[in-house]
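Chemist: Chains as they are written, first to last, in the working numbering: chain A, 198 to 512; chain B, 119 to 549; chain C, 4 to 419; chain D, 35 to 294.
These aren't lab readings, by the way, just hints derived from the structure by calculation.
Derived list of chain B stretches under chain C, where covered just means 3 residues or more per stretch with a C-beta under 8 Å from a C-beta of chain C: (1) 149 to 155; (2) 403 to 414.
Just a few of them, taken from the derived set where beta-carbon distance is under 10 Å, the chain C residues facing chain A: (3) Leu215; (4) Gln220; (5) Lys222; (6) Asp223; (7) Ser225; (8) Tyr227; (9) Ile228; (10) Ala258; (11) Gly259; (12) Lys391; (13) Thr392.
Residues from chain B that keep clear of chain C, each with C-beta distances beyond 10 Å, as calculated: (14) Ala129; (15) Ile145; (16) Leu212; (17) Leu223; (18) Ile285; (19) Gln292; (20) Thr299; (21) Met439; (22) Pro489; (23) Phe491; (24) Val496; (25) Ala511; (26) Leu512; (27) Val528; (28) Glu537.
Think of the CB as a built atom: it goes at the ideal place given N, C-alpha and C, for glycine as much as any other residue.
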Amino acid sequence: MAFFALSLLNGVSYGLLLFMLSAGLTLIMSMMGVLNFAHASFYMLGAYLAYQVSAWIGFWPALLISPLVAALLGAVFERWVLRRVHRHGHASELLVTVGLSFVMLEVVQLVWGRAPVGYRIPAELEGPLFTLFGSPFPLYRAFMMGVSILMLVAIWLLVSRTRIGLVIQAALTHPDMVQALGHDVPRVSMGVFGGGVALAALAGVVGGNAYTTEPGMAFSVGNIVFVVVVVGGMGSLGGAFVASLLIGVVTTFAVSLDQSLLHLLQAVDVPVTDAMANHALLALKISQVAPLLPYLLLVSVLIFRPKGLMGTRET
Amino acid sequence: MPTLHRTHIPARERQAVLWGGFAFVLIVAPLVFQSGLALTALSQMGYMIIICLSYNLLLGQGGMLSFGHAVYTGLGAFCAAHALNHAGAEGVPLPVSLVPLVGGLGGAAVAAVLGWVSTRKAHVPFAMITMGVGELVFAMTPMFPGLFGGEGGVSTNRVVGEPVFGITFGPQIQLYYLIATYCFACTALMFLFTATPLGRMLNAVRDNPERVAFVGCDPQTVRYIAFVIAGFFAGIGGGLFALNFELVQGSAVGGLTSASYLLYTYIGGTLLFFGPIIGAILSVLVGVLLSEFTKAWALYLGLAFMLIVMYAPGGLSAILMANLRVAASGKFSRLVKPGSALLAATPVWLAGVTSLVEMTYHRQIHAPLNPTFRHFGVLLDVSDGADWAGAAALALVGGVLFECARRGFVRHWRMVQEEMHALEPGAEGAS
Amino acid sequence: MKRIRSLAAASLAATLSMGTGGAWAQAGETVRIAVIDPQSGPFANIGLNILHTLQFLAEREGGTHNPAGVKFEIVPFDNKMSGPESLNVLKAAIDQGIRYVVQGGGSGVAGALIDAINKHNERNPGKEVVYLNYAAVDPDLTNSKCSFYHFSFDANTAMKMEAMGSSIQDDKRVRKVYLLNQNYSHGQQVTRYAKEVLRRKAPHVEIVGEDLHPLGQVKDFSPYIAKIKASGADTVITGNFGPDLSLAFKAARDAGLDVAFYTYYAGAAGTPAAIGDAGLGKIRFVYPTYTNLASPEYQAVFNAFGQKFPNEAFVTSPAYNLFKALSHGMAKAKSTDPVKVARAMEGLSFRSFTGDVTMRASDHQLQQPLYMATWNKVDAKNPIDVEKTGNTWTLDRLFDSYVASTPTTCQMKRPA
Amino acid sequence: MSRSAFALELDDVRKRFGKTQVITGAAMQVNPGERVALIGPNGAGKSTLFDLISGRAGLSSGTIRLHGERIDGLRPFEICRRGLARSFQVSNLFASLSVFDNLRCAVMWSLGHKYVFWKLLSRLKDVNGRAEEVMDRIRLTGKRDVLAMHLTYGEQRALELGLTLAGGASVILLDEPTAGMGSAETLGFIELIRNITVGKTLLVVEHDMGVVFGLADRVAVLAQGQVIAFDTPEAIRADQRVQEAYLGAVPAEQATATAY
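So here's chain A without its partners, still in its complex pose:
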């Protein structure tokens, strides 16, 4: 029972971390229909900016400054690059962000060097928050979960309860009509992209010291954020939240399952020969492939339910 509760807690907290990592991507995807391949790079930038700011001023101001700086850079990128490419269609927007991720990796390495930087968890957030069945639950992990839920609520409020939110949603499908009604759609999308990128940077500030802040961190976050957005349903905030929790819990529990096809064969008492015993595929344990389950989920969702769990549209 203890192991089950612990795994559930780990699963939910990992799910919330995943949502925090992909919240910004979901916002941009749902509002602008753009898959930002430089999302992980802004996450890295957020972590490095936080390292720099917390070295000068402190961790708490960094929580504000780092996302603001990133939002500024994101807005500049949208204004002079993304907007120009918009008329060539979604594929070009996606490709230009691929180019951006290459450039950002090099620039970050130029400024902060190639070795990991010592960006630490602040002293006041050290140590465990509570102990469950004899194993302590770290305060900082709870802090991260809090930030993740805060992001969810903030985006949901922005999207559904504010005027800008309605304008944004309308501008996604009928930009010309919204512009005709007097809203400056280009500036709105600049704001949305800046906001999405700020969320990525905030995830960097919060996740950077929990994980390691090094040039390879964008690469190691990798494509998991796309799995969350796509499985959740492109453009659906609720879907992304549910998908992150689902992926978090599934991968966490899968790690504890050591069964393999071999055990299955033995269960239905099929005679197991030596060759079968150490055959790589049969002996492959579920725990060995646990971190890959999200990609299996991605492919199967895209085939059977391309709109995703709670999505409204396919592209």
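Fit chains B, C and D to the given chain A structure using the hints.
Modeler: Just chains B, C and D, lined up with the frame of chain A:
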């Protein structure tokens, strides 16, 4: 109305000249560039052309943006490596020259299985499926040492079996001509494919999959067959890769490899058939040569790719074709003056910018050892403020010059385009 | 008069000892060495640290400082951590007439280089190339894939496991061991050798569980740590490196997991900075040297390197033995021709930081003592701060060469 | 495939999007070779009905039969292969292909070339011949190599018609073929439709009453998702219910109808 004095060479002769020229270049290239490194680069260009063309079969011809094309080249390479090892061992009568075909069949088989999953959807969902499949295959390869040889990968030896007409494929030059033969054959086959019913229907699916359904064809089947054919040619490219390096490692199916195929094919140009050929040549030049001269090659590649996506979505081939059209319409003389201004300003601006970038990199990596390095023949000292200021000034001046020249050139270019457009209402077909 | 004669004798002796006679072909010659490691892309920081180490040692050991009197010139080649690219740059190096190749970043690249160099030497007699490996630790490199032209200067996976086995054998606190590794050849080998060595050296110790997770794909190690905790293990053996190692330590500290970690790569460049205060007193690391090694020569090299490269540290000590072996080999062979030097290096014994080490002739694997060090707070006896973390590596145990030595199955083809 | 009396039969066809009922039990039988005009006020569900028949949208309930064989639930290309082709209100062409290529793609399946990739398109005499023939009839031969996206609006409508007819389907559905055309152009286009669809079953959605009464053998009136009347043009003009549905729109168009 001034009659068009463009010499209208009938299409058949123009094709013959083009393909003859292509064959001539493939044959003469190693005789012109003699050094060992050049031969290595040319061999790699040979199979990269096949791979980039097979990638464009999906992207340019079919509008299918794939993030996992390396799965088919990589697994094709693994199949070829295993085939070569078995050919050597039990004396299976498989001549080395047919090993790439085994790679091709391997690539096609994998495409037939994974394609069934991928081509059910189009556009972004298709891209995401290929990415998911690519990630899965890449992460699974180290788990099966038997098939993929673990971290060391599968090594093989192409000097196996008795030589055919004295050709052992040991020396690089013999392998180059095998690659060149395959390159010519595959390029021709893929070109012919675009002129077959399925090839044309693939273009139709790219433009309007819904209408394809209403003229009786199933868009998904069209995409699926095209996906398997692209997998076949990708597998041949992978097979030649395996022969060239005599080693195939997990990175051959990796995400970075897929991204490089996308990047260079797009830079070469996806709208015209020969676009990916330019992209493939560029990929080897950057990968083999540029990375020896500068540590900042990734920064230059990223910036160049962004500029191309922004200003020339048709890629370098579209720029080349546009200029050829202007030349063909006899108006090129009008562009010579602004064009030369642009060509003069560009190196000044580039020299300034690249000096700044190189000095930044050098300061970070090699400064403790020796602060000076040679950049385009000029000795730059990282610790000397004057060099920094000089480079910055050069970049600034160059930038201003470049911007003026660019604006002038664009103005002239637009005028010429309008005139040309006035001459031929409804321009003829793009490819 | 006597004074002049003694002066002459002294100077003769000096030249003799310095170069055993100045009339040698190679004295004053410059030997160019190609370094094939990643200098761009995700593994760039490891590659650059090693490049600086080799450049520093080439300068330090070059010229009059070594018995052969040769100067060393390092020629870097960027292989972007990929096998095929390594073969590309190897061809470029051979084209430039370089006949010594040094590499260490990754066993995959090492295997590729051995294959390619064997083929090159076979197809181009008289232009042979020798490959000196300072960090690739796959035991196959000196067993099934061993080659006359390949010399390994770091202790391989099996040798380090022998040292760990001896440490566990004598440590009464170790009862239950858990194996956490990446699912690729190195991780699979660590798992296999751990079981074999523990069965032989510490049968009383029980292996309570093992995990093989995909390389570089795990974002959150807490489920693995929970599994280790549930298994009741008191010790974890892991071959992980980079993020897969530092994230595991952080998760262990967060979950309050009180176990000893026996690792291969906790000391690698960048990892201490990532670990920080996680696992103080718990993380152990087996390597031919450790930061506070009580050897004046080692401390001299360490400090000199620190001055030249302020924000880096001298970590890759096998590179030091590499240059020593090379110069003594050239002195013994009285030539810089790779084949002669290779033959001279076989069975060669020379002075390293702490006592003599021997290059075993049968498989060209350097037999050397190994140190087990633990990650602790800096104190008077261990003053050197590692990567600005306020912590350092303190000595646990020294294992003599014979303890870590492993038999070899190598049947290398020697040139005529 | 049983040869029933009717070319196309709709039986209690229903369609709802969420809660809104769009088609509420439409029924209709069209004889082979008959020309039927489908009229009705905007939003009556004409295009939706076309989408249901052509398989572009799925039915909520009811059945559709083509030459006696049920086709509801089949995918568009399966229905097309059974001999039903449709055009679109908004030109739905292969934008970056030339006019000739557009037409060649349209005829490929019907001439049995399916997904052939081992023959050259230029060597297929039947495909090229049929495409040339259709191109002549829609008078676009002059624009043979012009890209579809570079055509004028009228030319695009003609190509749209060409794509629909090139496949040689026996039942043709035309969704407002003359939408957005000037009256002079419309007359010429109707003449074109008339002689190009000789012997075929035709179902046309049309607003221009002059066209309707000039072209159609029978007229079906769709209102509130149901076929409220299905009779000869004269009977429909006199029908009380139709006038209510249109609120007296019929008399104004009277003049143009008699012009034929």
